[in-house]
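Asks: So you can see what is in the structure, the chains are spelled out below.
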Amino acid sequence: MGKKRLGLIVNPVAGIGGRVGLKGSDGAEIQRKALELGAVPRSNERAKEALAVLSPIAGDVELITYPAEMGEDVARECGLEPRVVGRIESGQTTAEDTRRAARAVEELKVDLLAFVGGDGTARDIYEAVGGDVPALGIPAGVKIHSAVFATSPATAGELVVSYLGGRVSRLREAEVMDVDEDAFRRGVLSARLYGYLRVPFRRSLVQSLKTASSPMEEASQSAIAAEIVGRMERGCLYILGPGTTTRAIASHLGLTKTLLGVDVVRDGEIVAADVGESELLELLRGAQARIIVTPIGGQGFILGRGNQQISPDVIRQVGKENTIVVSTSEKIHSLRGQALLVDTGDRGVDEMLCGYVRVVTGYAEEILYRVSCSGKT
Amino acid sequence: MEDITRHRYEEGKPRLRRFHQARWDEPIIFELSRQGQRGILVPEVEDEIRDQVGDAMASLPDYMCRKQPPGLPELSQPQVLRHYVRLSQENLGTDVNIDVGQGTCTMKYSPKINDALARAPKVADLHPLQDEDTVQGVLEIMYRFEQILKEISGLDRFSLQPGAGSAAIYTNVSVIRAYHAKRGEGERRDEIITTIFSHPSNAACAKTAGYKVITLYPDEDGYPDLEALKVAVSERTAGLLITNPEDTGIFNPRIEEFVNVVHEAGGLCSYDQANANGVLGITRAGEAGFDMCHFNLHKTFSSPHGCGGPAVGATGVAQELAGFLPVPVVDFDGQRYHLNYELPDSVGKIGPFYGVVPVVVKAYAWAMSMGAEGLREVAEIAVLNNNYLLQKMLEIPGVCAPYARGKRRIEQVRYSWEELGRETGVHSEEIGLRAADFGVHYWTSHHPFVVPEPCTLEPTESYSRDELDEYAAILAHVAREARSDPELVKTAPHNSTVHTIDPTPLDDPDQWATTWRAYKRKVQQHEE
Numbered sequence: 135m136g137k138k139r140l141g142l143i144v145n146p147v148a149g150i151g152g153r154v155g156l157k158g159s160d161g162a163e164i165q166r167k168a169l170e171l172g173a174v175p176r177s178n179e180r181a182k183e184a185l186a187v188l189s190p191i192a193g194d195v196e197l198i199t200y201p202a203e204m205g206e207d208v209a210r211e212c213g214l215e216p217r218v219v220g221r222i223e224s225g226q227t228t229a230e231d232t233r234r235a236a237r238a239v240e241e242l243k244v245d246l247l248a249f250v251g252g253d254g255t256a257r258d259i260y261e262a263v264g265g266d267v268p269a270l271g272i273p274a275g276v277k278i279h280s281a282v283f284a285t286s287p288a289t290a291g292e293l294v295v296s297y298l299g300g301r302v303s304r305l306r307e308a309e310v311m312d313v314d315e316d317a318f319r320r321g322v323l324s325a326r327l328y329g330y331l332r333v334p335f336r337r338s339l340v341q342s343l344k345t346a347s348s349p350m351e352e353a354s355q356s357a358i359a360a361e362i363v364g365r366m367e368r369g370c371l372y373i374l375g376p377g378t379t380t381r382a383i384a385s386h387l388g389l390t391k392t393l394l395g396v397d398v399v400r401d402g403e404i405v406a407a408d409v410g411e412s413e414l415l416e417l418l419r420g421a422q423a424r425i426i427v428t429p430i431g432g433q434g435f436i437l438g439r440g441n442q443q444i445s446p447d448v449i450r451q452v453g454k455e456n457t458i459v460v461s462t463s464e465k466i467h468s469l470r471g472q473a474l475l476v477d478t479g480d481r482g483v484d485e486m487l488c489g490y491v492r493v494v495t496g497y498a499e500e501i502l503y504r505v506s507c508s509g510k511t
Numbered sequence: 022m023e024d025i026t027r028h029r030y031e032e033g034k035p036r037l038r039r040f041h042q043a044r045w046d047e048p049i050i051f052e053l054s055r056q057g058q059r060g061i062l063v064p065e066v067e068d069e070i071r072d073q074v075g076d077a078m079a080s081l082p083d084y085m086c087r088k089q090p091p092g093l094p095e096l097s098q099p100q101v102l103r104h105y106v107r108l109s110q111e112n113l114g115t116d117v118n119i120d121v122g123q124g125t126c127t128m129k130y131s132p133k134i135n136d137a138l139a140r141a142p143k144v145a146d147l148h149p150l151q152d153e154d155t156v157q158g159v160l161e162i163m164y165r166f167e168q169i170l171k172e173i174s175g176l177d178r179f180s181l182q183p184g185a186g187s188a189a190i191y192t193n194v195s196v197i198r199a200y201h202a203k204r205g206e207g208e209r210r211d212e213i214i215t216t217i218f219s220h221p222s223n224a225a226c227a228k229t230a231g232y233k234v235i236t237l238y239p240d241e242d243g244y245p246d247l248e249a250l251k252v253a254v255s256e257r258t259a260g261l262l263i264t265n266p267e268d269t270g271i272f273n274p275r276i277e278e279f280v281n282v283v284h285e286a287g288g289l290c291s292y293d294q295a296n297a298n299g300v301l302g303i304t305r306a307g308e309a310g311f312d313m314c315h316f317n318l319h320k321t322f323s324s325p326h327g328c329g330g331p332a333v334g335a336t337g338v339a340q341e342l343a344g345f346l347p348v349p350v351v352d353f354d355g356q357r358y359h360l361n362y363e364l365p366d367s368v369g370k371i372g373p374f375y376g377v378v379p380v381v382v383k384a385y386a387w388a389m390s391m392g393a394e395g396l397r398e399v400a401e402i403a404v405l406n407n408n409y410l411l412q413k414m415l416e417i418p419g420v421c422a423p424y425a426r427g428k429r430r431i432e433q434v435r436y437s438w439e440e441l442g443r444e445t446g447v448h449s450e451e452i453g454l455r456a457a458d459f460g461v462h463y464w465t466s467h468h469p470f471v472v473p474e475p476c477t478l479e480p481t482e483s484y485s486r487d488e489l490d491e492y493a494a495i496l497a498h499v500a501r502e503a504r505s506d507p508e509l510v511k512t513a514p515h516n517s518t519v520h521t522i523d524p525t526p527l528d529d530p531d532q533w534a535t536t537w538r539a540y541k542r543k544v545q546q547h548e549e
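Protein chains in written order, with the working numbering: chain C, 135 to 511; chain W, 22 to 549.
No lab work stands behind these hints, which were simulated from the structure alone. Think of the CB as a built atom: it goes at the ideal place given N, C-alpha and C, for glycine as much as any other residue. Certain hints may be false.
Derived list of chain W stretches under chain C, where covered just means 3 residues or more per stretch with a C-beta under 8 Å from a C-beta of chain C [stated by the list, open to error]:
| hint | region |
| --- | --- |
| 1 | 443 to 456 |
| 2 | 462 to 476 |
Calculated lysine to aspartate or glutamate pairs in the EDC-like style (CA-CA distance at most 20 Å, straight line) [stated by the list, open to error]:
| hint | chain 1 | residue 1 | chain 2 | residue 2 |
| --- | --- | --- | --- | --- |
| 3 | W | 233 | W | 206 |
| 4 | W | 233 | C | 455 |
| 5 | C | 454 | W | 248 |
| 6 | C | 182 | W | 444 |
| 7 | W | 233 | C | 499 |
| 8 | W | 251 | C | 179 |
| 9 | C | 182 | W | 440 |
| 10 | C | 182 | W | 508 |
Let's have the full structure, built from the sequences with the hints guiding it.
Replies: So this is what it looks like as structure tokens:
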């Protein structure tokens, strides 16, 4: 067997804005401001922590990376001998360089594309190469709303080793999300769902000897879909938020869901696809309706991140009792006991949604789980 | 003369054991088969005997006789003996190691004398279809053991029929279902509530019985969430299935309130006492208001686990529910013991005959050898051992005991190596494989996979302080290695029989085979 190919792209300015309170590092202006404030980029040290774990398999892997601070430097610091492609203006790289690097690396048919950065970097990777290349985020950015990042650089390195070594073979679709940093600095958080990257997935936290198996994510999703479809009533509108679990509900009905948008289903048909708030309010007039949402991103937001079309007015009209939360238990467990979050932009609606919610986690399976307003966690 | 014990100590402290396990590369027994190989051939019956007895096989009904001999492997007796002795040497079984690493399973030492009793012909040669007049002794044991369980639980009637903990939970769910059905509420009450750290068999059995399962998560302090329970109950609540202490070793201090909330909603409460080893003689299900409970005789009551084999999940209920138990139960009229099949609302049979009688015999013998005071002492020592080990474990950098932090535990602890994992990339399962290099068993934990990088240790009352020190020293050593030489840990075991296996086929039906025949068929299909 030939060597496995690993792509590595470092966003050299990722995380630069964080420690100086700039809530992100997008754009040359902010990066300059951050440097003036004495910020030190974190991506290099983060990348080093991840690459350190790689050393035992260095001989079996061909590392393909971009020049200088976009990967080459850190690879050499770690004693690896990378194949370097592309050209950059060192010290002046932008998001466009990340996208170019992703395309260049992808053309060389890498087995896995590892990137060091934050949400903006994940978005650049996704926009450049789409969701087909197996990819994995090494967290270094300020904003980590996307679910494509490992929990730490060392974990990322270990996952890379396991995946390239064949010990982890599963991939799952994880959300690429990003917030509008300008709005964030003004105190408004508006996260959008941009797409999905396929990331290696350790089946469960451990391999247990006592249990034969833990259900795969797709199996859990289709069990959830069977439960929800079984509950559907004639004439009722079902507002399906974005997400792979809500997509499974549509698939169960034989429908194709808009992956990133909100679709409305009634009597087994899509009555409106990829709708915005005003269209939803229009449809809701005089109609009985239910909202079905699932946590989006890695932080457990069920409303207000990536599904803002389901606005406070929409939620108020449909009512808390008609808002159904669905999630695989694996996703709930990844929250590590932290509550599910809502941040709709309307204090009253957020408070209405707080408390306990029944989350559908499978066929005839629910859990009771806490929901908090994001400000109160 | 050389001091042959010196290498075991360093500065007066014991060193880690220099262990190396046998590796026989032993073939599967079917591979060893050669046509015509035979064991010990019993001589033909002499004519004089045949003349007296006739054909001993003639009484066998025709339908019970095989037309074709079974496809068993053909081996000589010494080959069979060697084969299984070798396999046993490749095991880290409970009789060769400090078996505290299989938490939730209560791997206490089972005195061999109790095995001998159960193997004695007076027990082993009994047939379940014998007339009850001829089995008064064993019925008496069952009856007397029931009285012991009643005393320990504070409940009123027991069935020893369920053949496992899960079978017992299923029995209790069946009783809940029959109870509501009798009151005309069976349709409406379709939800069972449990907690995420109750043994997962509770959720599984409720689901098997057709219930919708509502699972509660810990509150912010790491205890079962009473507020969540209050939100969960309704007129649809059939019952609560709960383990206490939970599989984290955390005792639910508000258990009585849990029971009250469910009772007020009209549901029944069932206490999974699989973790009873730390509360024997200290708390009782009856006092907390539970309607039913079960004990695993193969855990708390010392009859061995039998490799997932014969067990008893003794199921107890309060008086109002006694009529729902599986049949038969053993009654005593002051003179004779009877098998009573006439329970008015019985859920029927949950297993064959009367349960696994040899397991009951072992448990009875063990309980009698302990006495009431001794049973309480079991719990006290089990808790002491566990909290001692907890203290030793928390001295190891990189491990913690999540939930209810800083509080003591009952008889086990679910630890997390998350910090060590994050810093070193070494996973819990790899720590366990490295621990095997020092001759001890360790496993991660069963699902739900909520605690990251978990391991569950349960030292029971059977191990001495020295033994707990040895176990903790091994894990401390492995944790140090994870920092100094993570590859050494990640490529472990090095001194053991099987080095690593690929776990992925475990949940792929195309790749697993539980019989030789299935294995051959799947290999052939794969080749085609």
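Asks: Quick check: which numbered hints come out false for this structure?
Replies: 8
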